[in-house]
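Peer 1: Produce the entire structure from the sequences given, and follow the hints as far as they go.
So the chains spell out like this:
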Amino acid sequence: MAEHKGLNKIKKLQWTWIGYQLLSDTLFAIAVAAVLGSLCYYLLKWPGWCMPVIFILVSGSLFAVHRPWKIATGKICSFLNISYPELEESSDLIIKPANSLNLLEQLQLKRVEFALARVPDQPKAFTKRTKKAGLLVILAFVLSFAISKTGYEWHSTGGLVQCSSKAHGENSPPEKVLAQIESVSIKITPPAYTGRLSRQQDRFIINCEEGAEIDWAIHTNVGITQAFLIFNEKEKINLISFNNDKTRWEAKKIINQTGFYQVSIDGTLSDFYQVQVLKDGPPVIRIKSPKQYTHIDAGEVPKVSLSATLNDDYGIADALIYATVAKGSGEAVKFKEYKINFNTSFKQHNRQYDVQKLFDLPALNMEPGDELYFYIEAQDNHRQKSRTDVYIISVQDTAQLLSMDGLVTGSNIKPEYFRSERQIILDTERLLKERDSISQDVFKTRCNDLGTDQKLLRLRYGKFLGEEDESGKEGSDELNKAENFSNTQMIMDAYTDKHDNAEDATFLEPAIKQQLKATLTEMWKAELQLRMYKPNDALPFEYKALRLLKDLQQKSRSYVAKTGYNPPPLKIEKRLSGDLSKISQPINQKDIKAAADHFEIFKKSIAVLEELKYTPALNHNDVITLQLAKQQLSAKASAEPGIYLPAVSALQHIVSTDKKVNTTDIAVIEKAIQKALPAVSSQPSISQNSADLGLSQQYYKNLNHVNR
Amino acid sequence: MTWNLTVIIICILLFVITAWLEYRRSNGSRLILRIIVSLIAIAALACLALPVTYKGKNSINGGADAALLTPGYHIDSLSHAGAKLIFTTDKDVLKTYPKATFLNTLQDLNAIYPAIKQLHILGYGLDDDDLKQLDKIPVVFHDPPAPGGILAVNWQKQLKAGELFQVQGKFNNTSSKPVRLLFKGLNTPLDSVNIPTRKITDFELTTVPKTPGNITYTLLAIDGKDTIENESVPVIIERAQQVKVLILASSPGFETRFLKNWLSQNGCAVAVRETISKDKISEDFINTEKQSLAHLSAALLNKFDVVIGDLSALKALNSSESSALRQQVSQSGLGVIIRSDSLTKETSWLQNNFKVTTYASKTQLTVPLAIQDQKFKNAPLNIDPSYISNNNNIQNLVLDLQNHILASSAIYGTGKLVYTTLHNTYTWQLAGNNKDYTALWSILISKAARKSPPEQSFAVASAVPASQLPVQLQIQSGSAPVQLSVNNIPVSAVQNAIIPYEWKFDYWPENAGWQQIILNKKVINSWYLYQKDNWAPLKYASRREKTQHYLDKRAKSLSVTKQIQNLTSIAVPKMYFYSVLIAACAFLWIERKLHP
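As given, the protein sequences belong to chains A and B, one line each in that order.
Per my numbering, the first sequence starts with residue 1, numbered consecutively.
Per my numbering, the second sequence starts with residue 1, numbered consecutively.
Hints are computed from structural coordinates only; laboratory data are not their basis.
Among the clues, some could well be false.
Stated by the list, open to error - No farther apart than 30 Å at their CA atoms in a straight line, the calculated lysine-lysine pairs in the DSSO-like style are these:
id	chain 1	residue 1	chain 2	residue 2
1	A	Lys574	B	Lys278
2	B	Lys553	B	Lys132
3	B	Lys157	A	Lys671
4	B	Lys435	A	Lys636
5	B	Lys574	A	Lys593
6	B	Lys435	A	Lys590
7	A	Lys574	B	Lys280
8	B	Lys451	A	Lys604
9	B	Lys225	A	Lys671
10	A	Lys604	B	Lys532
11	B	Lys157	B	Lys244
12	A	Lys660	A	Lys603
13	B	Lys278	A	Lys590
14	B	Lys157	A	Lys603
15	A	Lys279	A	Lys347
16	B	Lys244	A	Lys603
17	B	Lys244	B	Lys522
18	B	Lys157	A	Lys613
19	B	Lys136	B	Lys546
20	B	Lys99	B	Lys84
21	B	Lys278	A	Lys571
22	B	Lys303	A	Lys701
23	B	Lys435	A	Lys603
24	A	Lys334	A	Lys291
25	A	Lys660	A	Lys671
26	B	Lys539	A	Lys613
27	A	Lys593	B	Lys244
28	A	Lys701	B	Lys244
29	A	Lys75	A	Lys132
30	B	Lys132	B	Lys117
31	B	Lys280	B	Lys244
32	B	Lys315	A	Lys701
33	B	Lys435	A	Lys604
34	B	Lys522	A	Lys660
Quick caveat: nothing in here was measured; it's all calculated off a predicted structure.
Peer 2: What follows is the structure, given as structure tokens:
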């Protein structure tokens, strides 16, 4: 029993060890995966599943190297022998089979088992590695947390809107601030429509939304008497002192325009600081369906589905469909307007909406011949509206199509053809109406008859196109006559298909021929439906065929209005005499001044600056030129401060200081002016002769002389 | 001399004593042989002490070689040349190799070290002035590989506003990385080109300058991130001088009307004579005073720079008008732009160089045109399929894509004739395409326009004028340029003996930048003085070429004197005399030992 006890103990120890080994390997793998995975995920922007993959790879390889499950009892024994001297190097005896032991070993076994009982179940050596691994895991988590933080910063500098101002502050060069200013705190409160929170910054350069309220709080290191903010070199805002030391000054302004400003403290002006305004764009509406012009033929379902997407920078407040139904024609046209809501609610002010609407045309009191005009108007949080183009849906007017007006009065037409197609339509409609009152057989017969009519009509038109005649007059009597024996022409006529006769080909214009072909196709389709006893389905094709035929007929007409002109009576004696003596010759003279060059001052200032590079001294005229250039540049800077503001401050620097001019200042100004100047187009000009004492002139003269 | 004499006397005494001792010897055999051998031994001894020389050709390792270091030399080539004396005339080179002896001029070399056998020139070589001082020193030029960088460059020194500014040249890229040439003006990159590695490549950079005046552009060569060259490209941009135009038309038309409007908008003086009916003309004057255009006289034509007319209007001129026009063109340089038409069959002197082929079968074509000096293709234009046939006397101005000529110019006397078959250019204006219209008519009018009467023209004769070096300047003027000054420093010009209107003078400039030429208290022109290190590869390349050229030319004339120079006395190596002495002494010793 005791023997089993010892063996059990050893087995238990074995399993504990294996367990701890497995645990520590797993922990190692977790630590490695946490660090590597967060590196890959946050810095290299790999996908998130790379972390478990790394874990599986690392743990797999650790297991493969260590193979903890292969730890044998022998190894446990040798471990016990080393770690616990009281076992007297004899723990191996326990795992040996009892019957193989000699007397001495049996005695020793008893001692050993006694000692083994006192060996703890979890020796410290077992947990040592696991503890290390645990510590490593904690460290790894701390490290990956740090990586995730820096990774976020990386992200944010990439241009996320939320942290743009912060990121901007970190990346852009330090601002030049007046010496009196200790610190500045600018609070930007975006307008309510943006739905954004207010933010703080400690830089003068402002990037804000249109209509944002800006609060400046400037701390000075000494007490000052007065301070302003000067916007675009025009508008002045007083800073108000808020404490007795006169070191805390505040001002407030709502910014609607891009531009720049300066801080003025006790008469000294600061550098220019730019103000960039993000304008709120109007909502963008995109209609996916229907198309701009939609035509609903008779017989088609009178329903149109509208689907559109609406987008806006900050949020959409509302969207409506403005629809107008036009009824009637000519002078009797009537309009009726509808405002139709989308089924979607816009209360959430989302940035994007997908909207749908189904127009049920009869519900809008639309009848054949009427037209529906509609557009979508959307409004954003800032109450900016935008609307789409007008879309048109028209329903075919069957009544007009069936009217005989144009046909009777037309000159060169063959009315019976057209009446036939119209008749087929009328018959089809009557058949549909009577469908319930007649028997199935009668219905089918009539339907088939209509199909036959349609076929005949089609064949009649087919002749115009030189199509095959299907009348089928084979083996005619003519051919059987004796005098026609071996008449090749006649035999060929009888047994060949004759398409596209030369005569027929020139009968109609290609365009008309094409339309006629289209008509025949529609007739084909109508006949097909009729033959299948589906007069309901045949109707659209019949209508279409009729419409095409009518179009054809309209095309052949032209209208010339009657004109009335009474020429004055001719003087016969003057006629054909060619006498122009009393006609005076026109002589005009004008002076056209070339348009004033708006950029002349820039061109002049470039000349001044180029000179300044070599002789660093400005005379009075140069200073005036540069001052004027500065005025023009600052006007440009208020529109685009990012481009022109540095040049304005550089010009200011050159004009105001007597010290040696900085070449980088000149470079900045030149760059801005080059950008401001428009491209020059070439002009006709005169080149100069060389000063040669008339030598070349003499040469030509002598040459002429020689040639003579 | 005394040394030689002493040695000879001692040797003679020594021989006498030795011969006497030999004679006195008891064993008297081989007496003659012994005396001869001792004579040889003593003679050899004397030769050891005496400087024995012979006249012969100089061998290279025998002479004292010198090396002259010039910019761009390589330190390895110095050891290869194996010269002991090392000189330089360049202070920058001296800094890189302080062991070299500095010479103010090469003439010093002749004076101080006349014994130089051969002068090795290392580096890119010498200037013209230095080369002349080389005199008769035998020279070996170790031709270095071409310097890396811009080897050649050219651009227009003066431009009219709106003209294309082109910088063309050759770049030698010796590095293993491609080099980017960046052309900057007013601190803005305007054009760039990439130069492939290890290759000499032609390049062209262009821009249309936006501002008039003296502008310095910059040409940068950038190798990855390093700027390897930063050169100034100065140019003077003048405002366009307005042209006075006379338009003759046989009938009113859109082409004439649009041309008139466009010219007047550009501030040109325009007079138009249109035939509106039989013997009836309409006259328009814009930016010019009224005058009768009914009869074209030489005096009237003299007031205009260009006459634009359709061919039938020009043919319809009566004989006196026609001859006045012809005389103005051939003698006074008036330009005529002829717009072809096919109304009359008879030929005129205006058509001599322009043979027009019309393809009647073809309808109007819509093609883009290629205009001279224009980099980009312009918008398509409707043209009639009638083309001018090419010949050697005409310069083609406008072509279509198949290189059919649509406008070209030819010289007639001192004037120019421009012939065009384009009739619908106004459609460009109608389409709002002012750019192409302007480009086309600008080139036609500028080519034809009468050249303005000359005042002075000015040029810098030195290739790359730099400070602290003399610059050669040149003025062409009808009268002697008195009261001439540069930057208010009076200078006097010398007249060219052969070309009477050319005047030359030298100037030693101080500061880099624009220098003003002032004549009669009026600034007539400017020129640019480069920084000293500007265009270094260019200068080196030209030095290398000049040195090579100079030495090639000199080699022929020097070949005779070189031989005489080389026939000098050469010392006989002492080794021979030692061996003779030892052999003789050995004989005497062995002879005594064998026969005591």
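Peer 1: Please verify whether Lys157 (chain B) and Lys603 (chain A) have alpha carbons no more than 30 Å apart.
Peer 2: This hinted pair holds, its Cα atoms lying about 19 Å apart.
Peer 1: Taken at face value, is the distance from the CA of Lys603 (chain A) to the CA of Lys435 (chain B) at most 30 Å?
Peer 2: holds, 22 Å
Peer 1: Straight-line Cα separation of Lys99 (chain B) and Lys84 (chain B) no greater than 30 Å?
Peer 2: holds, 11 Å
Peer 1: Within a Cα-Cα threshold of 30 Å, do Lys278 (chain B) and Lys571 (chain A) meet the stated pairing?
Peer 2: holds, 21 Å
Peer 1: Check the hint pairing Lys539 (chain B) with Lys613 (chain A) against an upper bound of 30 Å on the C-alpha distance.
Peer 2: holds, 25 Å
Peer 1: Checking one constraint from the list: CA of Lys244 (chain B) to CA of Lys603 (chain A), max 30 Å. Satisfied?
Peer 2: The hint holds at about 26 Å.
Peer 1: For Lys435 (chain B) and Lys604 (chain A), compute the direct alpha-carbon distance and say whether it is at most 30 Å.
Peer 2: Holds, at about 25 Å.
Peer 1: Lys660 (chain A) and Lys671 (chain A) were given as a pair; does the straight-line alpha-carbon distance stay at or below 30 Å?
Peer 2: With Cα atoms ~20 Å apart, Lys660 (chain A) and Lys671 (chain A) stay inside 30 Å; holds.
Peer 1: Does Lys244 (chain B) sit within 30 Å of Lys280 (chain B), going by the straight-line distance between their CA atoms?
Peer 2: holds, 24 Å
Peer 1: For a C-alpha distance cap of 30 Å, please report whether Lys435 (chain B) and Lys590 (chain A) respect it.
Peer 2: holds, 25 Å
Peer 1: Take a quick look at whether Lys334 (chain A) and Lys291 (chain A) sit within 30 Å of each other, Cα to Cα.
Peer 2: Holds - the C-alpha atoms of Lys291 (chain A) and Lys334 (chain A) are around 24 Å apart, at most 30 Å.
Peer 1: Has the given pair, Lys574 (chain B) with Lys593 (chain A), been kept, meaning a C-alpha gap of at most 30 Å?
Peer 2: violated, 100 Å
Of the numbered hints stated above, the single one contradicted by the structure is hint 5.
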